[in-house]
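Position chains A, B and S relative to chain F; hints supplied.
There are 4 protein chains.
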Amino acid sequence: MADTRLYFKNDYSEGAHSDILRRFSETQMEQLTGYGTDPYCESAQQKIRVACGCETAQVKFVCGGTQTNQLVIDTMLKPYEGVVGVTTAHINVHEAGAVEFTGHKVLTLPHHNGKMDAGELRALIDTFYADESHEHMVYPGMVYVSHPTELGTLYSKEELKAVSDVCREYDIPLFLDGARLGYGLMSRGTDLTLEDIAQLCDVFYIGGTKVGALCGEAIVFTKNNMPKCFVAQIKQHGALMAKGWVTGLQFDTLFTDGLYMKLGKNAIDTANMLKEGFVSKGYELYVDSPTNQQFVVVDDAQLATLSENAVFEVWEKLEDGRTVVRFVTSWATKAETVEKLISLI
Amino acid sequence: MADTRLYFKNDYSEGAHSDILRRFSETQMEQLTGYGTDPYCESAQQKIRVACGCETAQVKFVCGGTQTNQLVIDTMLKPYEGVVGVTTAHINVHEAGAVEFTGHKVLTLPHHNGKMDAGELRALIDTFYADESHEHMVYPGMVYVSHPTELGTLYSKEELKAVSDVCREYDIPLFLDGARLGYGLMSRGTDLTLEDIAQLCDVFYIGGTKVGALCGEAIVFTKNNMPKCFVAQIKQHGALMAKGWVTGLQFDTLFTDGLYMKLGKNAIDTANMLKEGFVSKGYELYVDSPTNQQFVVVDDAQLATLSENAVFEVWEKLEDGRTVVRFVTSWATKAETVEKLISLI
Amino acid sequence: MADTRLYFKNDYSEGAHSDILRRFSETQMEQLTGYGTDPYCESAQQKIRVACGCETAQVKFVCGGTQTNQLVIDTMLKPYEGVVGVTTAHINVHEAGAVEFTGHKVLTLPHHNGKMDAGELRALIDTFYADESHEHMVYPGMVYVSHPTELGTLYSKEELKAVSDVCREYDIPLFLDGARLGYGLMSRGTDLTLEDIAQLCDVFYIGGTKVGALCGEAIVFTKNNMPKCFVAQIKQHGALMAKGWVTGLQFDTLFTDGLYMKLGKNAIDTANMLKEGFVSKGYELYVDSPTNQQFVVVDDAQLATLSENAVFEVWEKLEDGRTVVRFVTSWATKAETVEKLISLI
Amino acid sequence: MADTRLYFKNDYSEGAHSDILRRFSETQMEQLTGYGTDPYCESAQQKIRVACGCETAQVKFVCGGTQTNQLVIDTMLKPYEGVVGVTTAHINVHEAGAVEFTGHKVLTLPHHNGKMDAGELRALIDTFYADESHEHMVYPGMVYVSHPTELGTLYSKEELKAVSDVCREYDIPLFLDGARLGYGLMSRGTDLTLEDIAQLCDVFYIGGTKVGALCGEAIVFTKNNMPKCFVAQIKQHGALMAKGWVTGLQFDTLFTDGLYMKLGKNAIDTANMLKEGFVSKGYELYVDSPTNQQFVVVDDAQLATLSENAVFEVWEKLEDGRTVVRFVTSWATKAETVEKLISLI
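If you're matching them up, the sequences are chains F, A, B and S in order.
Under my numbering, the residue at position 42 of the first sequence is numbered 43, and the numbers go up by one with no gaps.
Under my numbering, the residue at position 85 of the second sequence is numbered 86, and the numbers go up by one with no gaps.
Under my numbering, the residue at position 66 of the third sequence is numbered 67, and the numbers go up by one with no gaps.
Under my numbering, the residue at position 331 of the fourth sequence is numbered 332, and the numbers go up by one with no gaps.
Hints are supplied without guarantee of correctness; some may be wrong.
Because identical chains cannot be distinguished in the list, a pair is counted as satisfied if it fits within a single copy or across any two copies.
Computed list of lysine to aspartate or glutamate pairs in EDC-like fashion (alpha-carbon distance at most 20 Å, straight line) [stated by the list, open to error]:
#	residue 1	residue 2
1	Lys-229	Asp-172
2	Lys-229	Asp-132
3	Lys-335	Glu-31
4	Lys-48	Asp-270
5	Lys-318	Glu-121
6	Lys-263	Asp-192
Because the hints were derived from the structure by calculation, they are not lab data.
These numbers come from a predicted model, not from an experiment.
Only chain F is shown next, with the shape it has when bound in the complex:
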């Protein structure tokens, strides 16, 4: 018997937005050159440059998030360098060691609601260089943040600028993982724009897989700093698609008529409904997330109720016996699904 519960498990459970599917049909029999050299990739790259307010940005498309992180980090780090991230960073916990697989250590800092503190970053770097034995240690060579973070939280412009300033001071590139970037950009009250991100970061990626695409992430190098022979390096990492336009076409669609932002907005609107609904029903928020991931602390009775009616992720057991659960909305979430859930709990 099929599971009829309401589905809030993640933001990669549905297919692609209709506009994308339509364009796959429209372009089906066009004969395009391979490996990202086609006009759709070119068009998408240009639209992304405009959206970022960075006419010189270098844009490449690959297929998934872990692949992107592995590729960007490995090709931008020198061999003896590691990447600095917070303990909860996706690269540190949930990528099966893909960064270490390419030879680099993840150097960790404590997280603050999923975020990195610029002061702690500075201290880590200062401590490293002050250590007489630092030639025997892993050099901090890049900083990795995600926006939204693993906990759905967002950097303010000031916070990201502070991290960026430290990176600039030490000439270390700042990399922002934007697997869910659309949901960050459309969060109510955020003061951090795509243009800010392009300015403050040296490289970042715009997530497609979780924001309406079948697959695909757009890597944006903002400082004319794309690694040398990057196509060869993408191939070497097993990440170069023969039909490069499969990703290019999707991003061309996402960045036409503001679709990417519209999709982001839907997830935010439904997430806010969900958050308010939880609060109205007496549920306690674990963290006040402004994006599409909502974390709720539940007791056993609440957990049972929720489990009966919805599919979601169990995030963590707290020491007091309660449980943190995660509900996720997406570009595809319908308001009525949220309303129904709230009515049931």
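Same frame as chain F, now just chains A, B and S:
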């Protein structure tokens, strides 16, 4: 001005077959679990098992050919082992060193129209073990063949069995790269079936990207020999798709109602028309290819004529000054396109 | 002008014990086979087997500590596994990322005076397997402890057995880094013998570089578990010496007539003098180290006095403004040097 | 019963020259700073600079040949580059895949008596860049030659200059493996000096292990081109010795009063005696080697005679049934041993 020449450059220039696009639309709003745990992957796996006549086959889907080769070779080899292939092997020449990137040497044998000779393989292994210093050398740990080969040629059942027998004798897995497998299986006169391949090889992949899919390759382990913790290893290689069903659904479609074979047949039919056309117009074949890649030796005048009318790949300069060119048909090639080309040259 | 201060910086500042130098002279013109196949390696291996009370132990010699850690960890882990160590572990901090260089993550636990707690280890493993997403994480595949630890502390037999028991329960090998093993074995009051270590660990190494050899570490596999084709793997890691007997001869000497233990004893005796001297002069110990590394907490005046008279390592700045410094004795430290230092401070 | 046959198997069978052993004794109780920061390393570096006629040369010491090749090649190549060597190159055949272990392909050229032809090198590079698909291939990023070669042959100054010129033209570093450099430099009739090598190569190493040291190779960067943070990278490769002065002191000795050249001369003198002896007894040379490795073609009767009286290496079986054997002299070979051998065969 747009290039209006007839396009025979490769078999990954068009999009996906209509059945695939239709199913993307049909399933658009279904909520599916991630990372290949969905029903479409399961269905596709079962259909592939049936098609291979191997009910215990373990099937996984990834996104591209180089990725597949890198993943399979690295996860099946022990760290101190290399993979044996012919000099023209894709992994040896055209994958940007993706195999070496994961730490393994490609040990080479001469090619014979793109194929490996079983006797030479045996000699390589025997010579290795006979060498007193072999502990200082790279152990031959896997054999890699492609079918069709880089030159469009095919192994006969007897030839592949001979290679397989050597592998069995030395307990070395045999890996068949089937990026264009559909075109090999539907070649007229081939006596090597999918079932034979499943029986003779320890692992192989069924190419989707070049045979009607947007992207995707199906890796088939035939001897209950899928590497341990393989999902973690796929992720570690950056090759695990969140929306795993994107590839699963495509293979489910390709293996419904014999679509994969039909697509293969179209490429073979048009390739044969092309071959006969070239011969009838006095062109000399470089190799008698029974599949969708046709190699022709042309003088400068012929090259000029062809270049005016078609897009194709320049393969190699011969010492006599002539040029080898490659024309490729695909699942999407129309008979009239071939006819038009032949009429123009 | 030469630095005439008393030297307590580390335990690798002097050359080799006279017995070793003598044997280099005695054997100078012998013609020995290469790569560790000579009679001196064989003799040393046998002596080490006897000393360990493990007649089936497999013993190999390499040149240095980081090399040993990198080699053992990489060849014993499966590709998707990481090694568990405490945060202060040498492999986690002071080996320039040598473990990650070979593709593996160091999974960290808190340290307790440099030591790992068996309960915390069990919790880490349990938490890992309980996590539904553990296929997306790094598998704990080996446990690394050092004895003595980075802080000079020692495991009791009970403590090491507790760690070993967890490893056995989960079938994860336990690796003990014995760079300073001689100093641990000869510590007064330790109840952990070389035989115990051989029994409780799956692999460990006996440090030579810091205990009287010019260079060399003896890797001991105790469970008939030396990785397959290990000589090839040593070579592949750049760690196979052509003149393998250079290390073999040194260990043959160290394990003749109890030399290794005598050298260990000298460091312990002088370290105890040093510790008592510091205490008698009112210095505060940072940790009560039973081995040859002594950590003292000093204020600025004490630091100045010490710096005038001795060479030592500044370990850490405390938040209260005081400084932790490390004094190290060795096989070569003379009692009068310690006495002189104490008289001067 | 001990093997009393005359030993010509290799040049790493005896210990270290007496001067080296003496200095180990003299310096035994000196307290030296670690990791190559001591005065002996400094002195040795300066003497090597002088010997090379290159006052700005950067010199580092490591422990073995394969380690050196792996370290130099990996740290000088960009990740997507491979190293070009001849098919017989040590790195291509006898280093257990140590270069591939660090992620790089060995791109091969045919050998000519063990040597690389500059014209073929140029053609390889030209062909690479002329290939439209070269972004899908491994970039030639370094050239590796050995001097003497695996077959004991030597580059003339003109030949090495021709290779060097190609490297300069394409801005690719030239690396010379000098595991047996002393024997090349002292070969009669060679016109290639250490100064020439320093000028023509971007990096090379001076072999100690095979020329009178216990262990140790001196890496010389001649163009102010030592890789950044090289000490960290040496450590990361497991190649940094705590007692760095163990190698430094040996090279300081080898480059005092021309010892390195004297040791080289002994091997050449005895090799020439051996060569002349073989010829006088009717043996056929396989290659006219001017250095300490002599290759002789023998029939079964000759092989039996030799095997009765000497230990040597069987190099290769020829198609005509005869065998190529290798006899090696060294810094330690005595004239009377050669005379005795010749008298016996």
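Hint-by-hint comparison with the structure:
1. Taking the shortest Cα distances, Lys-229 and Asp-172 sit within 20 Å of each other both inside one copy (18 Å) and across copies (15 Å).
2. In this homomeric assembly, Lys-229 and Asp-132 come within 20 Å of each other (Cα to Cα) only across copies, at 18 Å, whereas the closest approach inside a single copy is 32 Å.
3. Taking the shortest alpha-carbon separations for Lys-335 and Glu-31, only the inter-copy value of 13 Å comes in at or below 20 Å, while the best intra-copy value is 34 Å.
4. In the homo-oligomer, the alpha carbons of Lys-48 and Asp-270 never lie at most 20 Å apart, since the shortest distance is 25 Å inside one protomer and 41 Å across protomers.
5. In this homomeric assembly, Lys-318 and Glu-121 come within 20 Å of each other (Cα to Cα) only across copies, at 17 Å, whereas the closest approach inside a single copy is 27 Å.
6. In this assembly of identical chains, Lys-263 and Asp-192 lie within 20 Å of each other by CA distance solely inside one copy; the values are 18 Å within and 54 Å between copies.
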